[in-house]
Amino acid sequence: MKKVLLIMFVFIVLVLKADDKQTVDEHLLTIKSAQQEAVDEGDVEKLKEISTKLERLSTFGDKEWLVNYYLALNNYRISTILYENKEMSAKYLESSKEMIQKSIEGKDDFADSHALFASILGMEIGFKPELGMTNGMKSAQELEKAKKLDPENPRAYMIEGTSKLYTPKMFGGGVDKAIALFEKSEELFLQEENREIYPDWGSDEIYVWLGNAYKEKKEDSVATEFYKKALEVNPDCGWAKVLLGEFEQGKEEAQ
Amino acid sequence: MRKVKINISKVCFIFFLPVLLPGNTVIAGRVTGEKKEALEGVNVFLEGTLDGASSDEEGNFKFTTKETGKLNLLIRMMGYKEFIQELFLEGKLIRIEASLKEETIKGEGVTVRASSFTTGEESGVTLTPLEVIMTPGAAADVCWAIKSFPGVQHVEEGAGLFVRGGEVTETKFLLDGANVYHPYRYESPTGGFFGTFSPFLLKGTYFSSGGFGAEYGNALSGVLSMESQDLPSERTIGLGMGLANFSVAGAVPLGDKLGVNFSGNRSNTKPLFDFNNVDGDFTEYPFSYDLNLNLAWRYSEKGRAKLFFFREKDNVGVSLQDPAWVGNYYGTENSNLYNLKIDHALSDNSFLEFNVSRTDFGKETEITSGDEYILDLKETDRINQAKILLEKKTWMFFKFGGSLEQRKSYFEGFVPSEEDSLDPSVPSNYYDREYESYISSVFVEGTSFFPYNLSLTSGLRFDRDSKSEKNIFDPRFSLSWDAADEITLAFATGIFHQFYEPWRYDPDYGNPDLEPMDARHYIISGTWKNDGGMVRVEGYYKDYEKLMREDDSLNYISSGFGYAKGVDFFIKKNFEKIEGRIAYSYLKSERNWQDYSGLFPPDFDITHNLSAILNISLTSSFQMGAKYMYATGKPFTPMDGDFRAERLPSYWTLDLSASYLHSFFTNNLTIFYFSVNNVTNRNNILGYYNGDRDEPIESSYGRLYYFGVSFQM
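Residue numbers (this note's numbering), protein chains in the order written: chain A, 1301 to 1555; chain B, 8 to 720.
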C-alpha cells in the first residue's frame, strides 16, 4: 500500500512539475501556431501578447537565439499590420531589427535569420528613405548569406522576390524577376518538410505574392487564382481573403 | 520495514518540497517613466519563468508566483532601458516602484559633424539647458557654459567666445535663425561680460567650433545658434531672487494652439559686490534688465509661427587707473530684437523655414579724465533681415536657402585719433558718420548616405556685401563614418569668409578696398559614445588670409595672415549619481596682422586650456558641483624685452556650487542655491601696465559668494 501511495505521489508531483515547467521547445511549438493564427486574423493585441511571452521565454537560458528570431518575426508582423500608423510601425520595426541582430549574434549560421534581417532592412527604407543605398546593399548581402547557408530555404527566395517586386527595373528589379524568384520559392515550399520548432511560415503567403506580382502585370484573373490557391493551402489566410474581397468589390463596382 | 518507512518519508519530503513549502508570492507595483508618467503595456516578469504581468493604463501591475528564493525581476518596454531588481521570494507580498529611463535613439540618420555640440532636446546631447544652469561657475550664462567646452579659449574674465585661435568677433550668434550682432552684455573689445540671452528663454543650443555647414556664413571660426521656447503645454510661473538679480518668468497656454512665454529680469550687482567686499572700482555698479515676450501659434497641423520680442538694457561705470593717468569709463547699451519665424511642413519630408527680424541697438560710451572727454561716442545699429530655408529629406537630405540683410550703423562723437590709445594727451577727432550695407546670401547643401555607414555633406555658399562689392563662394565638405557601433570618425574642410564692420570701409578712417577675411579649416575627429558617456578627440588646422593690417597711408590693408592649429579633447561620463566632464585644448596660433611686424602669437593664443566639471547628486534633492579651470597666460610684450616674447602667469580658478530642491506643495519646485567662485582666492593677473611686471593688473574677483532662490509653480 505504501509503495502504491509512494508511486502515486511521485506521479502526481511529476505531472504537476511537468505542467509547471514546459521546455522551451514545447513553448515554441505552442507559440508558433498561436503566431500564425494571430497573423491570419491580423490581431495586433494577440501578437503583442505573444511578444510578451517570447520576451519572458528569452530569459530561460535555452535556444535564446531562436526565441529572439520569433520575437523579431513577431514584431515585424506587428509593424506590417500597423504600417499606416508610421510612428508605431517604425518603433516595432526598430525593435524587430534589434532582436534579429541579437539572434544572429547568438547563432550566425541560421539561414532564416539572415532572410528575415534582409526583409527588415528593406522595410526600413520605407521609413527612412535616406537609408536606401546603405540598406539596399546590406539587405542583398544578407539574402546571399541566407541562400548560401541553406540553398533550399523557400523564405529566402520569397523575400528576394518581394525586394525585386518593389525595385524599379532600372535598378535591377522588376515584376518578371520577382515572379521567377517566387516560382522558385513555391517549388521549395512544396518540398519543405515539417520543421517542428524551426520556422516554416510562408507556404500560403508565397501564393499571395505571386498574386500580387500578376496584379502588377495587370493579369487580374491569374492573380485571383493565386489568391484562391493561398486559401487552399491555408483557409484562414487573412491577407488572401482581404485581397480577394477587394477584387470582388472592384468587379461589382465595374459592373 | 523500518528502513522503508524512513525512505518513504524522505522521498515524500523531497518530492513534496516544492509543492508544500511555498505560499504564493504576490508581486505588485507601478511602472512610470522619467517624468513620473504611467507606462502602459510594460512587461514585468521573473527571469527564467513565464510568471509576470503587463502594466495597465495607470502603470499598475500584479501577479503571483510559486517560485521561491532569489530571482531577478525584469521590467522591459520598447524604447526604455531594462529595469532589473533582485527579489527574495518567500510567500509574502512584494511591492515594486520602478521608474524606467528612455533609451537614447540610435541611428537616426543624423550626421555627426566634426566640431559640433548640441544642447537641448536633440539626440546626441552633450549638455541640456538645465546643465547650463547647473554648470558651476557659469553664472547660469549660456556663453560661460559654452566656455567649458573644448575649442574655446579662456582669454578674458567674461563671456567672449574665442574659438580655436580665432578672435572674439569670429563667432557668429543666431537666435531662431536671426543674426544677432550684439550677443554680449556690457560689450567690450573682448566680447562682453555676459551673454545677452538667458538660458531660461531657450529650448536648445547648437555650438560649432569649426567646419560648420554652408547654412552659416559671415563667420570665420564658430557658430552659436540658439532656439527659443516653443508652445507651452502647461501654465507655469516662476520667481527667482538672488544676491544680484530678481526675475519673473512664466508660460500661459491659450487653448491648445496658442501660447505665451514671458520673462523679466533685473540685475543689480551692487549687493553682490558689497556682500563680497569687492571694490571693483565701480563708479556705477553694473546694472541691467531684460524683458522677453514669445508668442507661439500652431496655426495648423502643418505649421507654427513664433513671434519673439526681446529688450535688454545695461549700464556700467568704472574708474580707470592707468599709472600715467586717472579717468572714468561709463557705458550704456540697449538692444531690441523682434523676430517672426514660421516653420511649415510642405509634405511628409519637406519643410520650409522663414523668418524676418529687426534689431535696434544703441550704445553710449564716455571716457573722461577730470573734466575732459577722451572719448564720447553715440552709436546706433539697425539690422533688418529676411531668411528662407527649404529642407527636403529623401534618399538625400537637401537644404536650400537664402537671406538678405540690411545694416545701418550711425556713429557720432569724439574719438581719440589713435586707435587703442586713451591717453588724454592724444587729440580727439569729431566723428559723425552713417554707414549702410547689404549682404545677400544663397546656399545649397546636400547630405548623402552611402554603404559602410558613410555619409557625405557637401555645400556651397555665396555671399555678397555691398561695401566690399566682392562675390564670395565658400565650398564646404564634411565626411562622417560610423566605423563601429559607438565610434564615429569625421573629417571636415571648407572655406569660410567674414566681412568687416561697415565703418572699416570708410575712405577717411578705413579703406574701401578691404577684402573679406578668409579662413580654411581642416578638421579630423573621432568620437566614441555610448549610453554612459562620450570621448571626442579632434585635431585641426586653420589657415587665415586677408587679415587686416594697419597701414600708414591707407589706414588698413588686407595683407595679414596667420594660422591656428591644435588638438581638442573632451570626455564626459555619467555614473549613477555623478556626472563629470573634462575639456582640454592645446593651441598654437600666430598672426601677422594689426601692427605686428611678422608672425607673433596674438592675445588669444592660449597654449593649454583645461576645464574639469563634476556634479554630484548626494540625494535626489541635493546636488553639488565643482569646476576647475586652467589657462596658460596670454602673451605680452615685456617693457624691456622682445615683442610678445613672454606670457602672463597662468590663470586658474576653482568654483563650487550647491543646490537644494524642495517642493512645498503639489506642482511646486523650489531651488535654493549657493555658490563660491574662486574658492582659493587666487590672485589672477590679467596684464601688466606697459609691460612692467611691477605694475600688474589684477583680477577684481577674489573669492565670491552668491546665493539665491528660485520658485516655480
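These aren't lab readings, by the way, just hints derived from the structure by calculation. Cβ coordinates follow ideal geometry from the N, Cα and C atoms, glycine included. A hint or two may mislead.
[To be verified] Once the Cα atoms are required to be at most 25 Å apart in a straight line, the calculated DSS-like pairs of lysine-lysine come out as:
#1 B:108 to B:73
#2 A:1484 to A:1541
#3 B:73 to A:1428
#4 B:99 to A:1386
#5 A:1391 to A:1428
#6 A:1402 to B:99
#7 A:1391 to B:73
#8 A:1447 to A:1391
#9 B:320 to B:400
#10 B:400 to A:1438
#11 B:399 to A:1386
[Stated by the list, open to error] To give an idea of the chain A side of the interface with chain B (calculated C-beta under 7 Å), a few residues:
#12 1355
#13 1356
#14 1395
#15 1429
#16 1497
#17 1522
Evaluation of the provided hints:
For the given pair, residue 108 of chain B sits about 30 Å from residue 73 of chain B by alpha-carbon distance, which is inconsistent with the 25 Å threshold. A C-alpha spacing of about 24 Å is found between residue 1484 of chain A and residue 1541 of chain A, which places the hinted pair at or below 25 Å, so the restraint holds. Between residue 73 of chain B and residue 1428 of chain A the CA atoms are separated by roughly 46 Å; this puts the pair beyond 25 Å, and the hint is violated. Simply put, residue 99 of chain B and residue 1386 of chain A have alpha-carbon atoms about 44 Å apart, too far for the 25 Å limit, and the pair is violated.
At roughly 12 Å between alpha-carbon atoms, residue 1391 of chain A and residue 1428 of chain A fall within 25 Å of each other, so this suggested pair holds. Our distance criterion of 25 Å between C-alpha atoms is broken by residue 1402 of chain A and residue 99 of chain B, whose separation comes to about 36 Å. At most 25 Å may separate the alpha-carbon atoms for a hinted pair to count; residue 1391 of chain A and residue 73 of chain B exceed this at roughly 34 Å. For the given pair, residue 1447 of chain A sits about 28 Å from residue 1391 of chain A by alpha-carbon distance, which is inconsistent with the 25 Å threshold.
With a C-alpha separation of about 42 Å, the suggested pairing of residue 320 of chain B with residue 400 of chain B is violated against the 25 Å cut-off. Of the pairs offered as hints, the one joining residue 400 of chain B and residue 1438 of chain A holds, with about 21 Å between alpha carbons and a cut-off of 25 Å not exceeded. Of the pairs offered as hints, the one joining residue 399 of chain B and residue 1386 of chain A holds, with about 18 Å between alpha carbons and a cut-off of 25 Å not exceeded. At its closest, the beta carbon of residue 1355 of chain A sits 5 Å from a beta carbon of chain B; the interface hint therefore holds under the 7 Å criterion.
Checking residue 1356 of chain A against chain B: minimum C-beta separation of about 5 Å stays under 7 Å; hint holds. Checking residue 1395 of chain A against chain B by beta carbon gives a least distance of about 5 Å; that is within 7 Å, so the hint holds. Interface restraint check for residue 1429 of chain A: the shortest CB-CB distance to chain B comes to about 5 Å, inside 7 Å, so the restraint holds. With a least beta-carbon distance of about 17 Å to chain B, the hint placing residue 1497 of chain A at the interface is violated under the 7 Å criterion.
Interface restraint check: residue 1522 of chain A against chain B, minimum CB-CB distance 33 Å, threshold 7 Å, status violated.
Of the hints listed earlier, those the structure fails to meet are numbers 1, 3, 4, 6, 7, 8, 9, 16 and 17, in rising order.
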